[in-house]
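Spelled out, the chains give:
Number of protein chains: 4
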Amino acid sequence: MALRTGDQYAEKLTKMQPNVYVGGRKITRDDELLQPAINTIKFTFAAATDPEFSEMACAKSHLTGETISRFTHVHRSIEDLMVKQEMTRVLCRKVGGCIQRCMAADALNGVGVVSKEIDDAKGTNYHDNFLKFLEYYQKNDVVGNAAQTDVKGDRSKRPHQQEDLDLYLRVVERKSDGIVVRGAKAHNTIAPYADELIVLPTRNLTKEEGDWAVAFAIPADTEGVKLICRVSAPRQRRELKAPFNTYGMADSMTVFDDVFVPWERVFMCGEWELGARLALLFANYHRHTYCGCKPAVTDIIMGATALLAEYNGVGNASHIREEISELMVIAELVFAAGIAASVKGKATSSGIYEPDFLYSNTGRYLAGKNIYHEYDIMAATAGGLPATIPPEDDFLNPEISEYLHKYIMRKPDVSSEKVHRLFRFVSDFSCSAFGGVNQYAGVHGGGSPIMEKIGIRANYDLEARKDMVKYLAGITD
Amino acid sequence: MALRTGDQYAEKLTKMQPNVYVGGRKITRDDELLQPAINTIKFTFAAATDPEFSEMACAKSHLTGETISRFTHVHRSIEDLMVKQEMTRVLCRKVGGCIQRCMAADALNGVGVVSKEIDDAKGTNYHDNFLKFLEYYQKNDVVGNAAQTDVKGDRSKRPHQQEDLDLYLRVVERKSDGIVVRGAKAHNTIAPYADELIVLPTRNLTKEEGDWAVAFAIPADTEGVKLICRVSAPRQRRELKAPFNTYGMADSMTVFDDVFVPWERVFMCGEWELGARLALLFANYHRHTYCGCKPAVTDIIMGATALLAEYNGVGNASHIREEISELMVIAELVFAAGIAASVKGKATSSGIYEPDFLYSNTGRYLAGKNIYHEYDIMAATAGGLPATIPPEDDFLNPEISEYLHKYIMRKPDVSSEKVHRLFRFVSDFSCSAFGGVNQYAGVHGGGSPIMEKIGIRANYDLEARKDMVKYLAGITD
Amino acid sequence: MALRTGDQYAEKLTKMQPNVYVGGRKITRDDELLQPAINTIKFTFAAATDPEFSEMACAKSHLTGETISRFTHVHRSIEDLMVKQEMTRVLCRKVGGCIQRCMAADALNGVGVVSKEIDDAKGTNYHDNFLKFLEYYQKNDVVGNAAQTDVKGDRSKRPHQQEDLDLYLRVVERKSDGIVVRGAKAHNTIAPYADELIVLPTRNLTKEEGDWAVAFAIPADTEGVKLICRVSAPRQRRELKAPFNTYGMADSMTVFDDVFVPWERVFMCGEWELGARLALLFANYHRHTYCGCKPAVTDIIMGATALLAEYNGVGNASHIREEISELMVIAELVFAAGIAASVKGKATSSGIYEPDFLYSNTGRYLAGKNIYHEYDIMAATAGGLPATIPPEDDFLNPEISEYLHKYIMRKPDVSSEKVHRLFRFVSDFSCSAFGGVNQYAGVHGGGSPIMEKIGIRANYDLEARKDMVKYLAGITD
Amino acid sequence: MALRTGDQYAEKLTKMQPNVYVGGRKITRDDELLQPAINTIKFTFAAATDPEFSEMACAKSHLTGETISRFTHVHRSIEDLMVKQEMTRVLCRKVGGCIQRCMAADALNGVGVVSKEIDDAKGTNYHDNFLKFLEYYQKNDVVGNAAQTDVKGDRSKRPHQQEDLDLYLRVVERKSDGIVVRGAKAHNTIAPYADELIVLPTRNLTKEEGDWAVAFAIPADTEGVKLICRVSAPRQRRELKAPFNTYGMADSMTVFDDVFVPWERVFMCGEWELGARLALLFANYHRHTYCGCKPAVTDIIMGATALLAEYNGVGNASHIREEISELMVIAELVFAAGIAASVKGKATSSGIYEPDFLYSNTGRYLAGKNIYHEYDIMAATAGGLPATIPPEDDFLNPEISEYLHKYIMRKPDVSSEKVHRLFRFVSDFSCSAFGGVNQYAGVHGGGSPIMEKIGIRANYDLEARKDMVKYLAGITD
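Residue numbers (my numbering), protein chains in the order written: chain G, 46 to 522; chain E, 46 to 522; chain H, 46 to 522; chain L, 46 to 522.
These aren't lab readings, by the way, just hints derived from the structure by calculation. It is possible that part of the hints are untrue.
Same chains, same names: a pair is fine if it fits in one copy or spans any two.
[As the list claims (entries may be wrong)] Calculated pairs, DSSO-like style, for lysine-lysine (alpha carbon to alpha carbon, straight line, at most 30 Å): (1) 167 x 414; (2) 391 x 105; (3) 451 x 511; (4) 271 x 451; (5) 414 x 389; (6) 87 x 511; (7) 71 x 286; (8) 184 x 161; (9) 271 x 105; (10) 389 x 105; (11) 177 x 202; (12) 60 x 177; (13) 515 x 87.
Take the sequences, apply the hints, and build the full model.
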């Protein structure tokens, strides 16, 4: 059984070179600022051996036959795709948001497929590199990130047209034993507390852009890597402890300042024709994953909305019931699109399954279009209290604590503590930097709605629909 | 092979007792007013032997092993559910709208499941009746309808509370050889040109309402049955012939004026406890079917919109591209929900599979909420011409025909005839009684969005979502 | 008092040269096909002397001091703008839709303003022509149309780039006594039963397009004019007479086959620089008018929805109440935008007031975006009956009439006739060619939402908003 | 001239009794935690004498003839209503959000009207109290709050049905020289740094609820008053100073622990019949004000969105242009509704004008429904950076500052500092507790959309709309 414990994971982090920057300081990876984020990852290790989750959360390695974390697995069947989606929903519910380890899994699957396709087309040897890396990854129950999004500079220009060529990460030197890369990847969730960084291109590339066609994996503390972070977590609690407030995340702008990558860790280097394939395939896996995690967010918003209504004594108000039904519809349409993407999934030449791009994009699109709307529904039901509830410290101040408990009461059979806990949860979930970050993540994580629309259009047989109408209207070309 | 031809079907209609009323007259079933509707049904017979469709459009009877029309089949697997949905989409595209024969198939499946469940619970013998009827239905490639919706009178009252007890169809007499029923079923598509009427309850029932718990099948020209119709079809063409304009439909208010039904054709009689089960199960099958037909309607609207833009010379206008993408999203979310409903489908005690109620409802809901929006998108792209295009007769008037052809021109490489054909199609599709009827059908057919929302809520584990939030917030009951 | 009666108006129509084509025939203007449309116009004459409406429906001529129809008036104040909007709403409610005579009034105002501006800029004499025409128009209580929209050919090309230069109406000859024009104007409501056609350009023009910069007024039966029509009216009734079904309209494609226009009827000829000004100014007036008529349509849809709910016995259902509130919001936001456009209106050099373009466009935009949504709300409340209700003829057939009356009953205290009347009204309003046409009119009449968005953007000080943010963010350029 | 300076205002605050609680501490009103909030109020004093704003920001007292702050004025005309709305928009733009002093002005207007109406009905003397208070308020350029919303307990119960009667503020004792009140008011923006609290009822009341029908004004540091606060302000800056980050607000739960109010400061006491009138009239004024402030928020979101697109090099992308147009439409419809409310405003018996309730509610409703949607538009254009941008401290860390500046670059002609400033502004505006609070304020401030819908329905003549349809359909009762 190739499973680590959360403590083993955290322990290993402490041994890494310090290259993480938070709030103006360079920190070591045991800094308390990273604890909420690390707690989320620890939960993924715990889930693997928790009977409630282990069936989903583990898989059997097709390389070694060993029991491994599903987060280190590649999809060998439609069933694998379906379980991945289901697991994502279930685990996200328990931490109240992003489970984070899916990103690297999605990157692995993408790199696995495309390294094989490059080899098939070019006679290269990338897929062997990949398989060796995968075996290492599975055996050591590695935590990886996916470093895809370049900082991108002027959005109206292509990579090779930027004034500063480093605005998309690129190869600056090819050596006998490896390559040297320079650039920066943005929005790198999990990177500051990951073991490995998995790097891949962000977009389609032209023949001038071979240097930008690069994919590889390296330890997160490799020389030349700098992780400049923004930590996001719910407000910490003094006494009103709650599971939600123990979790968190951090994103980094990950700078690659002439970083050396040995050849055995390179999965693409120069094959610009397959840049788009890899970029979109990762997107496909990741959008499919969103069809699992985003319904979990909706589950939480829905549960909070229903509980707010119940505690307020208006649990049966028809307008609230309608809004909650709206949340159900959103959650299940997104989830259904993920199921359809799985069911219509196909095996690639590597034996890895990819979900149907049209459906993974459609599901992610709907999720992205609705995240603010969902917060709106919760806010509308909550009333203004999540915005104006005095901080926990006031509830602990004996001079005024009694007033706060007296006046927060709603239905007589719900204690003031419960009301306090619920509204503070909603406040932390929505009237907080963390809430704002999650709104942005809901829009942009895995690709913005506008990107999915482009993806949907590109994969839709519109001509066939025109032909249907020509037939019905009696138009012959 | 138990397949009829369209001509055999039409020929049999001519032999039926005249009990169809259209436009103030009692007509025989070969009246030309019914021709467009009959053409649609004929197409379903043609499809069964057309290599393009036959694989989907046929199935193997589990009773006889014979090849039968899928419209006479009951679902024996998840695969059956998926093929039914796919077939529905494909066939609807070819007639430009409702394929109609699905309704009876959905009713058969519902009656098949529930007749068994009643027998299991009550020791009755309905399922044998059903199987005998099904065998007859399959062998003779029968065209049936589903007569479900009662006229319902005062919507704030239950069936037994109505001032006129006939406002929901009911048993008025039980005899040794059969039962006598009275009432009327509304919105009965296909009934005026069907062989058989399949009747089932419209809602949940209470113990006072045993007389309303009745399901049966009888020939459509049984004594006492009156079919009072509204025919809906695109405007007929004089010279500008087009496939779309050859099809149509008719709905009837079907009056049962003390109609005798022999016991062997009765599938439920008095078992009010299972009224809701049968009503909702038919709804479930039918909403699942909508997840196939409704995307076909969207396909047509999408194709027309794209073609309008192309002919107008604005095929690449970004705002139109966005709208078309919206249509893609709607079509595929509805379809995805249908797939999810199939994949999560379950076998019943009868061996017949039922789709997952939550997903069939979610898909149908989205379709119903968007039908007017889709017409809006098409209209916005079309401009005003579908509303003001002079009738075909003017195009045939030599005094003005040349003007019309001169001034209808758009892009020089698209002939005026093509432009004329497209805009007349769109006009017939949307600026017509037929278009209005299809908008209503899009909202209400198979159950209105409000009904689906109720269905979704009733089948959703909201308490589990509240519990997720209680856990995260640290609330213990 | 310069007011005609409806009969005087209709009488004059009979004396005009027959150049109207309907359904393949050339007809005279007393043809019964035009009667519903003519009835609508007759109502505008009746309203002028009806105490309920006359205060709004009349104005005092600033030329003669006489009492005139407000439909022949030009706006001399903000008050005039407000009363015009209010009157439009009130009168449209009474005919169940478009009151039609506003279009010419909007054209007159536009031509009045711009003819003066051309004279000011170019030293021409158009405004005198206008004033003489206006005096004639007022004295004779003339019914005019506004012929603006060209047929436009390839939408990606400008007028002078079309393969056929006539696809935008243009001057083909300039003579000493007048000009000769050729082309066709589309979607010309009221033209087939108007006294005069008022013609104006449809868009901005370039210096190559002087020939397309032309505005004038001529009698509708001038030689060379052909009015090829589509008549739109609710289904006619045999016995179940109702005001709604007595009204209607007709649109023509109006062909100008080398039509001579004397100079005294020309208001612009060659001044391409002011083409956009006139096109947009007419649009401005007409969109402002829409802020009156469109709320009337919403009033009717709202009233029908509320009555449907009441008769069905679900008048207090919360989801229907919410939908009706939505209709209230739409109606009043559109109306409020019209008020704001009036209040922010400004006098032009001619002394005529123009409404604020931003607000007239914003109001019209919202109306255009919602028309299908409003039909949706009505349909959702109505249920399927408007789509499947058998024709009036069946209700008159003694063999089945009793069944229909028995089974259409809803609440016991609402007679079957009332229910019949209401559902037939809703069916005629929405499940009819007339309904489809009104949906298109709701989207495109007065300019499509996309045109209003363009208008809004063009008139919005976005730079000022950027500057606000620069200030707040501390960005100095 | 009765105008104070900001410093005079702040100076006076320091002399007040400390009864403000923030973050677990009791503070004095010169605590730095309150500075951002106080800065906003100071700006209102500065505006009164700033030539850019003074014409709007000042008014002439109808009591003394002196020049006073418009925030201390009551509306004596339609013009006053219009200027108030316009001023609100203009001033809110400068502080990047709520200008706060409007609330007390709205309360004053409400109390002014209703105190007169009570006197008229009951022969009481409240209006004199009001006028004396108003004169004091104007002469001293007072800063007031409006304490309306009770904490409300069980929302399914009325005030007198609550288990704890104090859950709505009430009179617990009537004395010869005044009254004693107990309870708490929630969401009291400005209260912790206001001179005076103006208290009024939150809802309609029944005859059992005379004790809850109470309105009065008292100094904010009156004995028994406790202000338990939540401070909301953008993150403070170390070096990257920006106006936006200097402003803020604080809300309090204001506890009245048996507070004595002298009779001359009481404006209502026991007249439950007018409770609803006063509650709704304040709501009316405040919703009208929202028709000014909310468009300012949209202005800022719009400007930020446009600037983000510009800096990103996609300023002309069509999908962004469409979204910005959407923001324009929202802003101007809300503003138009405010104009309509002013224009349709009416004088009350006190001589004070009240805006039209239907339009003020319609405008506020639209604003409340769209606030999350607007944040969504901004976020969609911004991309993920506002969520992941490292804190200012990292930009000040010389070890990594250069990387951050290098990789934040977008268009080459926009400096990294400008990009940094813009994205930090957007991050502070939306990925912050302050942003979340403003979302809630946008939904609930001045009354939630659901409250406005109720208000709209209650004031809408739906019966008249039914009658229109009855007429058109030929239904006679």
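Checked hints:
1. 167 x 414: Classified as neither: same-chain Cα gap 40 Å, cross-chain 50 Å, threshold 30 Å.
2. 391 x 105: both (20 Å within a copy, 28 Å between copies)
3. 451 x 511: between (66 Å within a copy, 25 Å between copies)
4. 271 x 451: between (51 Å within a copy, 14 Å between copies)
5. 414 x 389: both (24 Å within a copy, 26 Å between copies)
6. 87 x 511: between (52 Å within a copy, 25 Å between copies)
7. 71 x 286: both (29 Å within a copy, 24 Å between copies)
8. 184 x 161: within (22 Å within a copy, 53 Å between copies)
9. 271 x 105: neither (35 Å within a copy, 62 Å between copies)
10. 389 x 105: both (23 Å within a copy, 24 Å between copies)
11. 177 x 202: neither (37 Å within a copy, 59 Å between copies)
12. 60 x 177: within (24 Å within a copy, 74 Å between copies)
13. 515 x 87: Classified as between: cross-chain Cα gap 21 Å, same-chain 58 Å, threshold 30 Å.
Hint violations for this structure: numbers 1, 9, 11, all remaining hints satisfied.
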